[in-house]
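K.L.:
Just so you know, the protein sequences line up as chains W and C, in that order. Counting from 63, one number per residue, gives the positions in the first sequence under our numbering. Counting from 63, one number per residue, gives the positions in the second sequence under our numbering.
Any given hint could be a false lead.
The list cannot tell twin chains apart, which means a pair is met if one copy fits it or any two copies do.
Think about it this way: if two alpha-carbon atoms lie no more than 25 angstroms apart in a straight line, the pair counts; the simulated DSS-like pairs of lysine-lysine are [unchecked claim]: (1) Lys360 to Lys410; (2) Lys68 to Lys410; (3) Lys133 to Lys268; (4) Lys353 to Lys331; (5) Lys149 to Lys331; (6) Lys149 to Lys283; (7) Lys331 to Lys133; (8) Lys360 to Lys198; (9) Lys283 to Lys410; (10) Lys360 to Lys232; (11) Lys149 to Lys395; (12) Lys205 to Lys275; (13) Lys331 to Lys68; (14) Lys149 to Lys410; (15) Lys360 to Lys205.
Rather than coming from a laboratory, the hints here were simulated on the basis of the structure.
2 protein chains.
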Amino acid sequence: MKITIKRDYLIQALNEVTRAISSRTAIPILTGIKLTINDEGAILTGSDSDISIEAFIPLEKDDEQLITVEKYGSIVLPSRYVTDIVKRLPNDEVSIEVTEGFQTLITSGTASFTLNGLDANDYPQLPEIGNAPTLKIPADMLKNLIRQTAFAVSTVEVRPVLTGVNWILKEGTLLSIATDSHRLALRKINVDLPEEAKFNIVIPGKSLTELNKILDDTTEKVEVVVNNNQILFKVTDVLFYSRLLEGNYPDTTRLIPTSNTTTVAIAAKSLLQAIDRASLLARDNRNNVIKLVSTDNKEIEISSNSPEVGNVSEDLIPVSFEGESILISFNGKYMIDALRVFENQDVKIEFSGSMHQFVIRPVDHEEGNDILQLITPVRTF
Amino acid sequence: MKITIKRDYLIQALNEVTRAISSRTAIPILTGIKLTINDEGAILTGSDSDISIEAFIPLEKDDEQLITVEKYGSIVLPSRYVTDIVKRLPNDEVSIEVTEGFQTLITSGTASFTLNGLDANDYPQLPEIGNAPTLKIPADMLKNLIRQTAFAVSTVEVRPVLTGVNWILKEGTLLSIATDSHRLALRKINVDLPEEAKFNIVIPGKSLTELNKILDDTTEKVEVVVNNNQILFKVTDVLFYSRLLEGNYPDTTRLIPTSNTTTVAIAAKSLLQAIDRASLLARDNRNNVIKLVSTDNKEIEISSNSPEVGNVSEDLIPVSFEGESILISFNGKYMIDALRVFENQDVKIEFSGSMHQFVIRPVDHEEGNDILQLITPVRTF
Chain W
63 MKITIKRDYL
73 IQALNEVTRA
83 ISSRTAIPIL
93 TGIKLTINDE
103 GAILTGSDSD
113 ISIEAFIPLE
123 KDDEQLITVE
133 KYGSIVLPSR
143 YVTDIVKRLP
153 NDEVSIEVTE
163 GFQTLITSGT
173 ASFTLNGLDA
183 NDYPQLPEIG
193 NAPTLKIPAD
203 MLKNLIRQTA
213 FAVSTVEVRP
223 VLTGVNWILK
233 EGTLLSIATD
243 SHRLALRKIN
253 VDLPEEAKFN
263 IVIPGKSLTE
273 LNKILDDTTE
283 KVEVVVNNNQ
293 ILFKVTDVLF
303 YSRLLEGNYP
313 DTTRLIPTSN
323 TTTVAIAAKS
333 LLQAIDRASL
343 LARDNRNNVI
353 KLVSTDNKEI
363 EISSNSPEVG
373 NVSEDLIPVS
383 FEGESILISF
393 NGKYMIDALR
403 VFENQDVKIE
413 FSGSMHQFVI
423 RPVDHEEGND
433 ILQLITPVRT
443 F
Chain C
63 MKITIKRDYL
73 IQALNEVTRA
83 ISSRTAIPIL
93 TGIKLTINDE
103 GAILTGSDSD
113 ISIEAFIPLE
123 KDDEQLITVE
133 KYGSIVLPSR
143 YVTDIVKRLP
153 NDEVSIEVTE
163 GFQTLITSGT
173 ASFTLNGLDA
183 NDYPQLPEIG
193 NAPTLKIPAD
203 MLKNLIRQTA
213 FAVSTVEVRP
223 VLTGVNWILK
233 EGTLLSIATD
243 SHRLALRKIN
253 VDLPEEAKFN
263 IVIPGKSLTE
273 LNKILDDTTE
283 KVEVVVNNNQ
293 ILFKVTDVLF
303 YSRLLEGNYP
313 DTTRLIPTSN
323 TTTVAIAAKS
333 LLQAIDRASL
343 LARDNRNNVI
353 KLVSTDNKEI
363 EISSNSPEVG
373 NVSEDLIPVS
383 FEGESILISF
393 NGKYMIDALR
403 VFENQDVKIE
413 FSGSMHQFVI
423 RPVDHEEGND
433 ILQLITPVRT
443 F
C-alpha cells in the first residue's frame, strides 16, 4: 500500500471508527484500525466485536482529489497512536506507505513516523448482513427515537436483555422501548414499509448511544438492515454494525396503566427545573427522593429534605388539574431523564395513587406517533 | 441577616471564594463559605487554611443597587450546596435570611431553600497582614510571571520547599524561580519600588496557580503585601491570601552554566510542535525520552523510539547554529513546558555537551527582563 491522502478526511474517518474500539478488548488486533485501499477509495474499520464501524473516503469528491494511490493494499495500525499522530501532522496531506514486515511509514512535511502495523488478513471479517429488507428513517427522527428511550436501559447485567432497547416493527410502525424495571421509556413512529414487514429485536443500549454520536441532525435517510443477529445502520459514508442481544424481551404493554385517578397538565420545562433544584439537596441520598404533593388550591408542591443539609420546596401552577389530590415520591433523576424527553412541550401526568406507577405523555401528539414515560414511585411511608 | 442581592454578582463571588475551599479539610467549618453583610456590602470568604480568598460585593455599583439590606449579620453556609443552589435559582434576585439556629432561608421566585448554616463566630480569622510595604504589579505581567515559572515546581514532598516558587525582591527587580531539581524556570521583572525594599520568600506553587485563575489579562495593578509568613494579593474586589513556605530555598544561581559549547537559535513554536509529535511515541516510556541531534549540514533532528510502537524523526532548520555538533536526550514533557513559555518567539538554546544541563532564553529581550529555562538531560548511553 502506498497513498497520499487529505489529512482532514482521514482525521474525520479515524474519529468515526475509533468510537467502536475498546481498550479492554480480549482480541489484540481489535486495538487497531484496519485501513484498506481499493479502486474506489479508503475503507477504515474499527471494532470491539459487539460494534463495528466502517468509514469510507472516496478517491474523489466534488472534483477534488482526496486520495492519490500508488499501490493498493491493506494494513492494521495501532488506534491509540495513529489518530493522535495524524491530528498533529504539519501538512494538509499525509503519505502512508507499508514497507517490509508491516512497518508503515507515515510522512507529512518534515515529520516522519514509522509504526509497527499488523497483517490485515488477521483482522476479523465484518458480519454478513445479506439482502434483508431495508427500513429507511430520517437521521433526525432516529436521533430522537434513541434520545427518548435509550437512557432508560438497565445498567446492571442481572437481566442482560434489559441492557438493550426493544425495537418492534409491525403494522407500519416502529416501537422503541427501554426499561430498567423501575422506569420505562417508549416511543412509536410511523415508517414507510409494507405492513407485512416485521421484526422484534433487542439492540444493546450502548450501541445506540454510540450510533447517536455519529448521526447528524438532518432529514437525510439512514438505512437500517436487520439479519443474522446483527443490525446495520448505513449513514452517509459510514456503516455501523451492532450485534443484537439474545433472549426474550418482556412484554411491557401490560405494565402501562389503562386508568388513572389524577391527571395533571404542566409545562415539562418548569417542572424539570423545579425538580432539578430540589435534587440539589436530595442527590446525596439513596434514590434521590423528591416529593410531589397537590395543594388545596390545586397547585403542585415539589419538595425535598436532607436532614443534614436542609430542605427545599417550590409551588408550581399547572395548566390543569383533574381528579383526586395526590401525594407521591419518586427518584428525581428518573423524573429529570423522563421530562427532558419532552423539551418545551406541555405534558400530561397520569397518577393512580401514591403506590402506583405514573405515566407522562405529551398533551398534544399525532396519532401513531406516541411518546410515553413511566416511573415507579418510591415508597417513603 | 436579611438581604436581597443580585444573583449574577453573588454567583461570581461564590465562584471566586470556592477556589480556596478543599473538600478534604480537617476543619469542618472550612467546608463552608462565610457571608458577612456590613454597611459597605457583602464579604464572602473561603479558605483551606493555606489559601484564603475574600470577595467583596458593594451595596451599589454604577448607580445600580446590588444589595438591599434589611438586617446586617454573618453566617457560614455549606459551599457544596450554596453555589449550585444560587446558580439554579429562577430569578435575577435572591433573598437570604438567617432565622433561628443559623437556619438560612434562600428564596428566589417560587423556589425556597432552607439550609443548615453554621455560626460565623466559629470561622477562623483571616491572617493579619499589617502595614507592610506594597508592591504593585500589572495583572497581565503577574500572570506571565506565574505562567512562566510555577509549572516547574516539584510535585513531590521530598523537599517541601521545592513545591514553592522562590520570589526574590531586591535592587528594583523581582526574580521568580521554580525548580524540581531536574529543571528550572526563572523570570525576572523590573518593579517600581525603592531599591532598599527587599524580601526572599517561597510561595506554594498551588497558591500561585489558583491566583492565576482569578487574575484577568489586563494592565490593572495588583497590590502585593508580604508580612508575618503570609502574602496578600489585592485584585479588584478580591483579596487572595496565601501562607508562605518555611525553610531556605536553595541558591539556584550556581546551577546556571556560564559557558557553552553549542548555541542553536530556533523558532520556539516549530521546535515545540516537533517535540510534541515525537512525544506521541515516547509518552508511554519512563521519562518520555526525546533525542536531539545536529546533522552534518547543521540541521536539527528530533527523534524518538518506542520498540513496541515504532519510531519518529523530524528535521528542523534552525535560524542559526554555532559551535560543536550535539547529541543529547531529554524529557519531552519538560522541553514542551519550557518552550511553551516563549510562545511565538525565537529562542537561543545553549548546550554544554550531552551530559550537561542546557539553557533556553529568548533571542531578543530587554535588559533586566530575563526569561530562562534550564533542563537536565537524560543519560541514554
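K.L.:
Indicate, hint by hint, whether the structure satisfies it.
P.N.:
Results of checking the hints against the structure:
1. Lys360 to Lys410: within (15 angstroms within a copy, 77 angstroms between copies)
2. Lys68 to Lys410: Close neither inside one copy (52 angstroms) nor across copies (35 angstroms); limit 25 angstroms.
3. Lys133 to Lys268: neither (38 angstroms within a copy, 55 angstroms between copies)
4. Lys353 to Lys331: within (18 angstroms within a copy, 58 angstroms between copies)
5. Lys149 to Lys331: between (40 angstroms within a copy, 17 angstroms between copies)
6. Lys149 to Lys283: neither (30 angstroms within a copy, 40 angstroms between copies)
7. Lys331 to Lys133: neither (58 angstroms within a copy, 36 angstroms between copies)
8. Lys360 to Lys198: neither (46 angstroms within a copy, 62 angstroms between copies)
9. Lys283 to Lys410: For Lys283 and Lys410, neither the intra-copy (32 angstroms) nor the inter-copy (58 angstroms) Cα distance is at most 25 angstroms.
10. Lys360 to Lys232: Neither: 42 angstroms inside a copy, 74 angstroms across copies.
11. Lys149 to Lys395: between (38 angstroms within a copy, 19 angstroms between copies)
12. Lys205 to Lys275: within (9 angstroms within a copy, 38 angstroms between copies)
13. Lys331 to Lys68: Answer is between: at 24 angstroms across copies they meet the 25 angstroms cutoff, but 45 angstroms inside does not.
14. Lys149 to Lys410: Answer is neither: 49 angstroms inside a copy and 28 angstroms across each miss the 25 angstroms cutoff.
15. Lys360 to Lys205: Classified as neither; 37 angstroms inside a copy, 57 angstroms across copies.
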